[in-house]
Each structure stands twice: as C-alpha cells, then as structure tokens.
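Following the hints, position chains B and C with the ligands against chain A.
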Amino acid sequence: MKLYTRSGDKGQTSIIGGKRDKDDIRIEAYGTCDELNAFVGRAAALLNEEMFSDIKSELITIQHELFDCGSDLSTVKKDATFKVDESMITFLEERMDDYTEEAPPLQRFILPGGTSAASELHVCRTVARRAERLTAKLMKEEAIHEEVFKYLNRLSDYFFAAARVVNYRLEIADVEYERSAIVFHTSKKQ
Amino acid sequence: MKLYTRSGDKGQTSIIGGKRDKDDIRIEAYGTCDELNAFVGRAAALLNEEMFSDIKSELITIQHELFDCGSDLSTVKKDATFKVDESMITFLEERMDDYTEEAPPLQRFILPGGTSAASELHVCRTVARRAERLTAKLMKEEAIHEEVFKYLNRLSDYFFAAARVVNYRLEIADVEYERSAIVFHTSKKQ
Amino acid sequence: MKLYTRSGDKGQTSIIGGKRDKDDIRIEAYGTCDELNAFVGRAAALLNEEMFSDIKSELITIQHELFDCGSDLSTVKKDATFKVDESMITFLEERMDDYTEEAPPLQRFILPGGTSAASELHVCRTVARRAERLTAKLMKEEAIHEEVFKYLNRLSDYFFAAARVVNYRLEIADVEYERSAIVFHTSKKQ
Ligand code: B12
Ligand code: B12
Ligand code: B12
Ligand SMILES: C[C@H]1O[C@@H](n2cnc3c(N)ncnc32)[C@H](O)[C@@H]1O
Ligand SMILES: C[C@H]1O[C@@H](n2cnc3c(N)ncnc32)[C@H](O)[C@@H]1O
Ligand SMILES: C[C@H]1O[C@@H](n2cnc3c(N)ncnc32)[C@H](O)[C@@H]1O
Ligand SMILES: [Mg+2]
Ligand SMILES: [Mg+2]
Ligand SMILES: [Mg+2]
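Those sequence lines, one after another, are chains A, B and C.
Start counting the first sequence at 101; every next residue gets the next number (my numbering).
Start counting the second sequence at 101; every next residue gets the next number (my numbering).
Start counting the third sequence at 101; every next residue gets the next number (my numbering).
Hints listed in this document are in silico derivations from the structure and should not be mistaken for laboratory results.
Check before you lean on any hint, since a few could be wrong.
Copies of the same chain look alike in the list, so a pair counts if it works inside one copy or between any two.
[To be verified] When the alpha-carbon atoms are kept at most 30 Å apart in a straight line, the in silico DSS-like pairs for lysine-lysine are as follows:
{"id": "1", "residue 1": "110", "residue 2": "240"}
{"id": "2", "residue 1": "102", "residue 2": "250"}
{"id": "3", "residue 1": "102", "residue 2": "240"}
{"id": "4", "residue 1": "240", "residue 2": "156"}
{"id": "5", "residue 1": "156", "residue 2": "119"}
Chain A with its partners taken away, still in its complex shape (with noise of 0.2 Å):
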C-alpha cells in the first residue's frame, strides 16, 4: 500500500460525502480533533499504569471518541448517522467530579504546571479548548451534530480536573496564580 495518493496536492479533499478546499473551516475542526488526539496520546504515554490506571484508561477511551468526533465533523451525507452522544458526556462530567472530590479544594487560577504529565493535560486542555472555538465558527456557517460541541465544552474540563489530580497523588502542590480573584465559585444551581 502506498499512504500517499497526490491527490491532495492542487489544494481540494475528500470529506465523507463530498469535497472540499483544505482551508474549510470544517476541515480546521476536524484536524484540530486529530491535533488533540496526538496530544492526549502524548499524555497517555507520560502516566505510569500503578498510580494513574483509572486517567490512563479513560484517556484512550478519549482518543476513540475524539475519532467520533472527527468522523461527525467530516461528515456531510445525506441521512448520516453521528456516533458521539449523551453518554459520552455524562461520563465526563461523573470522572471529573470524582477528581474534583479527590484534589483540595480550588478558589483562585492555578498554573498549568507541576509534574510533566500534568502540565501535558493542561496543553491537552487549551488544545481542546482551541478545537471548540473552531468548531463554534464551523456551527455558525454549517449545521453539525452538536453533542461534538457540546463533548469538548466538557472535554477541556475534565482534563482540568484530571491535571489537579495527577499533581496531588504526586504530592506536587498546585501554584496559585499570584494575582487571582476568587474565580471558582460553587454555583446556585449545583
């Protein structure tokens, strides 16, 4: 098998129903998932099996469904059928209170520091978050599939919370930001 086809090469691509210029917004989505994913990958690589089995394990988990968010994203057929969902989301949101309960309790900015796996998850993080913002200019010109949003509005917390815990079970204390308000607030609604 050869990898490579050319076919790329006058600027166009194929998506999953149809074509398009590289520079498609759509396409900076997609690839901004598949950038995340080599991050997470990354990540996944710097955690030992012993103290961190639980994050390992979910941060693969993670990079398949960042793949169902790339496959959503490059999808524009007719009657498609989209594979991220509720669940995935839900998920998130019931791994990242658990390390929120595990790590001390949070009122100011932390740095996105400490042990090298953490900081990994705070690049992780900003990455996911640099994927939502374009992902919201793509929901702007084109319907998608908006659980995809809605997961990595998620995604970029739950790498938070899992950043905090890997630097306490290291005994690394977070750095507060020198100059913070207090920022993080327990919502009326929680």
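Then chains B and C with the ligands, alone, in the frame of chain A:
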C-alpha cells in the same frame, strides 16, 4: 464544587465585562496565551533546579505574567485597570541580554532543537509568536492594552535566548541552518 | 548583539522583499512551519541513536527543509529563486514506502499514540497538516512556490509512516480505532 456550568454549550461565553461568541478573536487571543502558558509549564518541568534555577524561576514568573496578559485581554469593562506594565518587558530584555552574552555569538539561523528542554523552549517561542499574531488581529478590530502586545513580542525573543543557553550549558552545540544567509546583525542603534 | 529590535511593537514586520501586518496569512503560514520545526526538534530529541539512526537523521534533514519552506514562503521579491524542489518530495516518498513496508499492514485508523516518540511524531503529523491548511489559504490569495505545498502534504504522511515504525521497533502494537471502517486501500493506480 462542580467545575462545569454547561453555560457555554450553545456557543457563547462570558468575559470580564461582557459576553462573546466562542470564536471571537478576543477569545482566540487569550485562549492562545493560556495554551502558551501550558507549554511553559512543560518546559519548566523539564529543567532541573541545579543547572537552571535562573531560567526555571523566570518561567514561573512568566506563567504569572501570562495570566496577567489573559486577564488584560479578557477585560472589556469601562474604567478597567490593567496588569501588564513596562517593567515586565524591561525584565525580559535584561535577562535575554545576559543569555545572549552567555551563549556563543550568532550569525545564522539555528535549528530549533538540541536538548529536550531547549526544543520545548523553541515550542514556547513559536506558540508565543502565534499568540502575538492573534493579538495583532484583535488590535485591528478593538482597543487592547498595548503593553500585552509588546510583552508577547519580547517573550518570543526571550525563549530563543533561553533555549540557546540551555543547549550551551549542557554542551550541545546548536546546529546552523545549512542554507542560511548571515541574518543576525548588530543594529546601528545598539 | 541585541536580539530584539522593538521594530515589530506596532503590529508590522518585515519579510524578504516587503513588509506585512503580523496577522497576514503569509506570516501565519511560515510561522506555523517554524512551530512545526520546533516540534520536530522535540521528536528528534526523543529518539535514541542506536535504534533510530535513520529516522533521527531524516528529522534533522527535515528541519533544514522546513527552513527552506519558511524561506520560500517569506519571499515576495521579484525574480526570487526558491529552495524547495521535487527531489525533497521524492525523498519523503521513498522513505515512507520503506517504513510502510517495515510496519505491519494497515486497514483501519489507529490511535495516535503508543510510545512517547511515536506520539510526538503524531503531533508533528497534525501540526504539518495545520501548516498545510494555512498554506492552502495563502495560495488562494497570493502566488506561492507550489512545491512547498506538496512538500507539506507529503510530510504529514511521512510522519505517520515514521510513527508506526517507531512503535513497531519498540514492540508496542498500534491500537485500532474501535469504530473504524476499512479506510486504507491500495488504489488502482499503485
Ligand atoms: C475522515 C478521514 C480522516 C479523519 C478521521 C476522522 C475520524 N473518522 O475520526 C482524520 C483527519 C483523522 C484522518 C487522518 C488520516 N487519514 Co484519512 N480519511 C478520512 C476520509 C475522508 C473518510 C474515512 C472514513 O471514515 N470513511 C468512512 C467510510 C465508511 O466511508 P466511505 O468514504 O464511503 O468509504 C467506503 C467505500 O467507498 C470504500 N472505499 C473508499 N475508497 C476506496 C478506494 C478503493 C481502492 C477501494 C477498493 C475501496 C474504497 O471503502 C469504504 C467502505 O469500507 C478518507 C477519504 C474518504 N473519502 O474515504 C480519508 C483517508 C482514509 N485518509 C487517508 C490518510 C492517508 C490519512 C492519514 C495517514 C493522513 C495523515 N498524514 O495524517 C491519517 C491517518 C490517521 C490515523 N491515526 O490512522 C487516505 C488513505 C490512503 C490510502 N492509501 O488508503 C484516505 C483514503 C484519503 C486519501 N488520501 O485519499 N482521516
Ligand atoms: C478570564 C477567565 C479565564 C481566563 C483567565 C485569564 C487570566 N485571568 O489570566 C482563562 C481563559 C485562562 C480561564 C481558564 C479557566 N477557567 Co475561567 N474564567 C474567566 C472569567 C471570564 C473571568 C475571571 C476573572 O478573572 N474574574 C475577575 C473578577 C474580579 O471579576 P468578576 O467577573 O467581576 O467576578 C466577581 C463577582 O462577580 C463574583 N462572582 C462571579 N461569579 C460568581 C458566582 C457565584 C455563585 C458567586 C457567589 C460569586 C460570583 O466573584 C468575583 C469577585 O471575586 C470567569 C467568568 C466570569 N465572568 O467571572 C471564568 C471562570 C472563572 N472560569 C471557569 C473555568 C471552569 C475555567 C477553567 C477550568 C476552564 C478550562 N477547562 O480550562 C480554566 C482554569 C484555568 C486555571 N489554570 O486555573 C469557570 C469556573 C466555574 C466555577 N465552578 O466556578 C468560570 C466562572 C466561567 C464559567 N464557566 O462560568 N478563565
Ligand atoms: C524570514 C525570517 C525568519 C524566518 C526564517 C524562515 C526561513 N528562512 O526559513 C523565521 C520566521 C523562522 C525567523 C525566525 C527568527 N528570526 Co527572523 N527574520 C527573517 C527575515 C524576514 C529574513 C531573513 C533572511 O532569510 N534573509 C535572507 C537575506 C539574504 O535577505 P535580506 O533580507 O536581503 O538581508 C541581507 C542584507 O540586507 C543584509 N542586512 C539585513 N539587515 C541588516 C542589518 C545590518 C545592521 C547590516 C549590517 C546588514 C543587514 O544582510 C543580508 C545579506 O546577508 C529577517 C528580516 C529581514 N528582512 O532580513 C528576520 C530576522 C533575521 N529575524 C530576526 C529574529 C530575532 C528571529 C528570531 C530570533 C525571532 C524569534 N523570537 O523567534 C527567530 C530565530 C530563528 C532561529 N531558529 O534561528 C531578526 C534578527 C535581529 C538581529 N539582531 O539581527 C531579523 C533581522 C528581524 C528583525 N527583528 O529585524 N525569521
Ligand atoms: C473560563 C473562561 O474561558 C473562556 N472560554 C470559554 N471557552 C473557551 C474556549 N473554547 N477557548 C478559550 N477560552 C474560552 C471564557 O471567557 C470563560 O469564562
Ligand atoms: C524574524 C521574522 O519573523 C517574522 N515574524 C515577526 N513576528 C512574527 C510572528 N508573531 N509570527 C511569525 N513570524 C513573525 C518576520 O518576518 C520577522 O522578520
Ligand atoms: C485523511 C483526510 O484528512 C483530511 N485532510 C486532508 N488534508 C488535511 C489537512 N491539511 N488538515 C486536516 N485534514 C486534512 C481529508 O478529509 C482527508 O481525506
Ligand atoms: Mg468551557
Ligand atoms: Mg518579534
Ligand atoms: Mg495529505
């Protein structure tokens, strides 16, 4: 506390003194400062305290200052006070003058690489430049606190100087780009 | 020598043969080649010389060639000569044919991960694709040296092939995306 509020699931989000679409250029700009901040966290995690206590502690300072940048860029309320000031820029200039002195003299472009920590600082350098480009775009559309823009410009030069010193102290010679012209000059003003 | 010239503090910068706003799509394009170059530096730093002398030395070659890309993309002067040529593209094709042969056959998408070095190469793959998208956008607005675009297209496929070989030699099996269709085919032309 629940980390997620679900309030951003429709594509809008709050800033300090307003509300914006998630793909707004202002949010792109400070979202990219946040992304940069996470890469700085990674670089700091790679530097050992003994040989690099200076750079490592500067990176932590920079992480706080990147929050200041994000804070200033996310503020649109009237009569706001801003956080980034000239002294932060002067500090970067002084540190990078020292590092430029410490490392071997330079005439040609060098490959962004060498040791792990140096290559991570080159990543920071290029992501700082991406943040600068997005802030340049924002500046054309809306007023910003201009020191933020200067700070980001200087910051990428700081990372360059710091990357070179890291390789130098670890006795890894920087590799010159083999088809480089002589591009680094002492300007008449200096 | 002073590294910083302060000349870009107002939002404009110089290219070879002109001046541009910092958020110009041309600057986005070669700025992203520079970012990619830094990630390639990271990947090279992770590969050990014994097992990966081939890939490691190719990555250094690619770093020089990414400077060539940046050089070509930053040049707007009349009668310019360009640096990227077909032989660089052919070289990538040959190397990736070998690696595709060496690694196990492939039918389905694989998770971008596994070993640290392979996941870093997947990061390179996706950042190369980001650079390609921005170059596609530039090409619509202004003439460019077209070999640069082809080079970037082939480069992301090279990184994919190289990532697979890294995992294979380290005896880490790539994980298939669990909901993948059969997507890799031998095309009729091959
Ligand atoms: C979406 C997509 C992506 C997304 C995946 C997102 C996701 N799903 O989450 C992203 C951006 C991540 C991606 C990445 C890559 N992709 Co891709 N991708 C596609 C795309 C557009 C759709 C794939 C898909 O899911 N199809 C779903 C099936 C059910 O739909 P279908 O299109 O109707 O296809 C059916 C039939 O038509 C038939 N078929 C289609 N083509 C052919 C050709 C022949 C000869 C035959 C016999 C049959 C056949 O097979 C399918 C039934 O099983 C295809 C192009 C395309 N239009 O198929 C490329 C494609 C599969 N990708 C390709 C490549 C090279 C890659 C990358 C290596 C690129 C890179 N350098 O990064 C990576 C690999 C990623 C990985 N980790 O494995 C090539 C494979 C070339 C080859 N030799 O087979 C394709 C074919 C594009 C191309 N160049 O023509 N990709
Ligand atoms: C700017 C901003 C960011 C920037 C910070 C940039 C910087 N400063 O450098 C960036 C983009 C980095 C960021 C990141 C994140 N943020 Co933020 N951020 C904000 C934002 C818009 C302003 C925060 C701020 O500095 N305020 C300054 C104060 C002085 O101004 P103020 O707005 O007037 O607030 C005062 C009062 O109104 C009162 N108040 C405000 N809300 C509430 C609610 C209740 C119930 C009460 C009692 C009081 C109260 O408290 C303040 C006085 O101390 C707020 C939303 C908002 N509008 O407040 C979210 C907010 C604080 N962020 C939030 C979150 C979740 C995050 C992230 C975890 C997201 C992620 N997944 O990455 C990360 C964490 C980053 C970290 N490392 O710690 C949530 C927190 C939710 C919660 N449960 O509390 C908020 C509230 C947004 C939201 N979803 O509604 N953020
Ligand atoms: C393109 C470019 C880049 C690209 C390189 C892409 C590529 N080639 O692949 C990228 C974006 C990667 C880049 C990065 C950086 N760059 Co640059 N870059 C340039 C640029 C625009 C052209 C360089 C070039 O290749 N010229 C090719 C030659 C043949 O063309 P030329 O322009 O006609 O120059 C000739 C003459 O005019 C003369 N000359 C030009 N200026 C001066 C000044 C004096 C005083 C003298 C005596 C002679 C002289 O010298 C040349 C003949 O050899 C110059 C600015 C410029 N217009 O020159 C900046 C420039 C060289 N870069 C500069 C800097 C600081 C950097 C970075 C450190 C920025 C950063 N923080 O990341 C990095 C370093 C990267 C690295 N790894 O080494 C500065 C150097 C300042 C100094 N003190 O010398 C310059 C001068 C821009 C500026 N601020 O004014 N850069
Ligand atoms: C925590 C704060 O981050 C900002 N915010 C919300 N979504 C994104 C995103 N995708 N990218 C960057 N910033 C975002 C909002 O201002 C929010 O209040
Ligand atoms: C060193 C060279 O890099 C380019 N340059 C200046 N600022 C940026 C930025 N934010 N991003 C990418 N490239 C930039 C200009 O062409 C400058 O001359
Ligand atoms: C493998 C699939 O990836 C998509 N594709 C092609 N080029 C790019 C790029 N530069 N960035 C992101 N996605 C791309 C197309 O949909 C192609 O079919
Ligand atoms: Mg959110
Ligand atoms: Mg500059
Ligand atoms: Mg391609």
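Status of each hint after checking the structure:
no.	hint	in the structure
1	110 to 240	both (27 Å within a copy, 11 Å between copies)
2	102 to 250	between (37 Å within a copy, 16 Å between copies)
3	102 to 240	between (37 Å within a copy, 29 Å between copies)
4	240 to 156	neither (35 Å within a copy, 42 Å between copies)
5	156 to 119	neither (36 Å within a copy, 36 Å between copies)
When the structure is compared with the earlier hints, violations turn up for hints 4, 5 and for no others.
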